[in-house]
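These protein sequences, in sequence, are chains U and Y. The opening residue of the first sequence carries number 0 in numbering that gives the first Met the number 0; numbering runs sequentially from there. The opening residue of the second sequence carries number 0 in numbering that gives the first Met the number 0; numbering runs sequentially from there.
Simulated from the structure, these hints should not be mistaken for laboratory data. Note that beta-carbon positions come from the ideal geometry of N, C-alpha and C, so glycine has one too. Some clues are possibly wrong.
[As the list claims (entries may be wrong)] Straight line, CA to CA, 30 angstroms or less: simulated DSBU-like cross-link-like pairs of lysine-lysine:
#1 Lys61(Y) x Lys203(U)
#2 Lys61(Y) x Lys74(U)
#3 Lys61(Y) x Lys87(U)
#4 Lys165(U) x Lys141(U)
#5 Lys61(Y) x Lys49(U)
#6 Lys119(U) x Lys61(Y)
#7 Lys74(U) x Lys119(U)
#8 Lys165(U) x Lys61(Y)
#9 Lys87(U) x Lys119(U)
[Said to hold, decoys possible] Some, not all, of what chain Y presents toward chain U, calculated at C-beta under 10 angstroms:
#10 Glu18
#11 Lys22
#12 His36
#13 Thr74
#14 Asn76
[Unchecked claim] Just so you have them, the derived chain U footprint on chain Y, three or more residues with Cβ under 8 angstroms:
#15 2-12
#16 43-49
#17 55-68
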Amino acid sequence: MADWDPSGSVLAQRRTPVCATTVGAENDTRNDRIRSNEEVLINRILEGEKDLFLELIRPYQRTVYATLISMLGSKEDAEDVTQDVLLKALARLQQFRRESAFGTWLIQIAINEARMRKRKMRHGIMFPLTNGADEDGAYVPKEFADWREIPSEALERSEIREALAKALTLLEEHYRLAFILRDVNELSITETANILGITRGAVKTRLRRARLMLRDILSPGLQQGGQVGLAFKEVRKPWE
Amino acid sequence: MGITCEEVWRDISDYVDDELDPKRRTALEEHFAECRHCAAVLEGTCNVIRLYRDVRVLAPPKGFHDRLHQRLDETLNLGPKERIHTSRRAVLAWGLAAAAAASLGFAIFSAKRTIWPRLEHQNRPGSPDSPAVTGLVAVSQDTDDKVYHVAGCSHLQGKPKFLPVEEAIREGYTSCVYCIGKARPKQKS
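Make a model of the complete structure from these sequences and hints.
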């Protein structure tokens, strides 16, 4: 473990939203503005300006794709279903009741499509190693080594991106989905709960376990700023 | 230290999400200031979230946007393009149907050329299997030779039974090569 500095990055960040994940007033304002713009776009599309649909969905292409690849596992299937989802959204835009954000509605369609596709394929793509029986139990972290912030440049390395994608597949789907919706798609806990049809408390529990498990999976390879070779394949499963 | 590490681990995710009440939050922060293990867990958790939020992670593959936009373009321009596609599909379908019909016609034509002469041949008078005679023919009641004859044929053995030629053929009788068939023996004058 590296020398620990109590005045280091953790405490330095504590007055700011931790990891910048919290949905603060600034984000609320931004979301309101986005939603308002989307309302205008949707109205114009429904009035016939269908070309604007591309503009409407542009911010959500990655989130829909990320959700689908986390559920389907295959890049080809994820791309295929992403296209289907967006076409379906266009066809059903009239039915969008605007009770939720457009992005949330899209993700709901994506999850339903992915579930249907998986039923059709009738074979498991993910091979989760976690045991979901102990969802409510406390998760004990296994890795306590310091893991300083990974520099952004590290993500230029495809092996790190691949390791991150692969680490997700080691989680059971309900953990994976909660993590994707909240931490990748940046939905609120309430939106995540609504999409998954579970309580906020259940979302928090799944998030906690997903985050800590991912940290345990990834930290042996990514600590020290991602400069070391990935130990992903050799990592001991912390929950075993 | 006010709270234990186990309590911190239970609440650490809520701390990240700012879902804790201020008192609990302060308790965790005091713990982080004193416990390097829990501080490392917090740091790592934040790293995980930060990494996965980066748009380069779980990003669509190369060419994704182009392919998506192409498909959406095709859908959005439903009018003329769709009509063109429909008409192309229709032309293709009609083409295939015409080709199939032509093939079928050729097959029938070939079959007729191949089979019809045989049928003609079979139906030609004198053919062993053809009803070279009409009306009644005679078959033997005493033998099982399954041969039908014209009445009075010297090759008919036993007591004759008369029946229509069509019925005789239907029952498996074949014509007598002497009195009916093409190997009809030379008639004695």
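Problem set entry | Pair hint outcome, Lys61(Y) versus Lys74(U) [Cα-Cα no greater than 30 angstroms] | 11 angstroms, holds
Exercise. For the pair supplied as a hint, Lys74(U) and Lys119(U), is the alpha-carbon distance within the 30 angstroms limit?
Worked result: Holds. Lys74(U) to Lys119(U) sits at ~17 angstroms (cutoff 30 angstroms).
Exercise. Do three or more residues of the segment 43-49 of chain Y come closer than 8 angstroms to chain U, measuring C-beta to C-beta?
Worked result: holds (count 7)
For this session: Given the hint that Lys61(Y) pairs with Lys87(U), test it: the Cα-Cα distance must not exceed 30 angstroms.
Result: Holds: Lys61(Y) and Lys87(U) sit about 23 angstroms apart, inside 30 angstroms.
Problem set entry | Holds or violated: Lys165(U) to Lys61(Y), with C-alpha atoms at most 30 angstroms apart | The hint holds at about 19 angstroms.
Exercise. Close enough to count: is the Cβ of His36(Y) nearer than 10 angstroms to one in chain U?
Worked result: His36(Y) check passes; min Cβ-Cβ to chain U is 4 angstroms, inside 10 angstroms.
Exercise. Is the hinted pair Lys61(Y) and Lys49(U) satisfied, with a Cα-Cα distance of at most 30 angstroms?
Worked result: 25 angstroms, holds
Exercise. Do the alpha carbons of Lys87(U) and Lys119(U) lie within 30 angstroms of each other, as the hint requires?
Worked result: 18 angstroms, holds
Exercise. For the segment 55-68 of chain Y, do at least 3 residues have a Cβ located nearer than 8 angstroms to some Cβ of chain U?
Worked result: holds (count 11)
For this session: Sort out whether Lys141(U) lies within 30 angstroms of Lys165(U), counting only the CA atoms.
Result: 19 angstroms, holds
Exercise. Hint check: is the beta carbon of Asn76(Y) less than 10 angstroms from a beta carbon of chain U?
Worked result: 8 angstroms, holds
For this session: Using 10 angstroms as the Cβ threshold, decide whether Lys22(Y) counts as touching chain U.
Result: Interface hint status for Lys22(Y): violated (15 angstroms vs cutoff 10 angstroms).
The structure fails hints 1, 11 (numbered hints given earlier, in ascending order).
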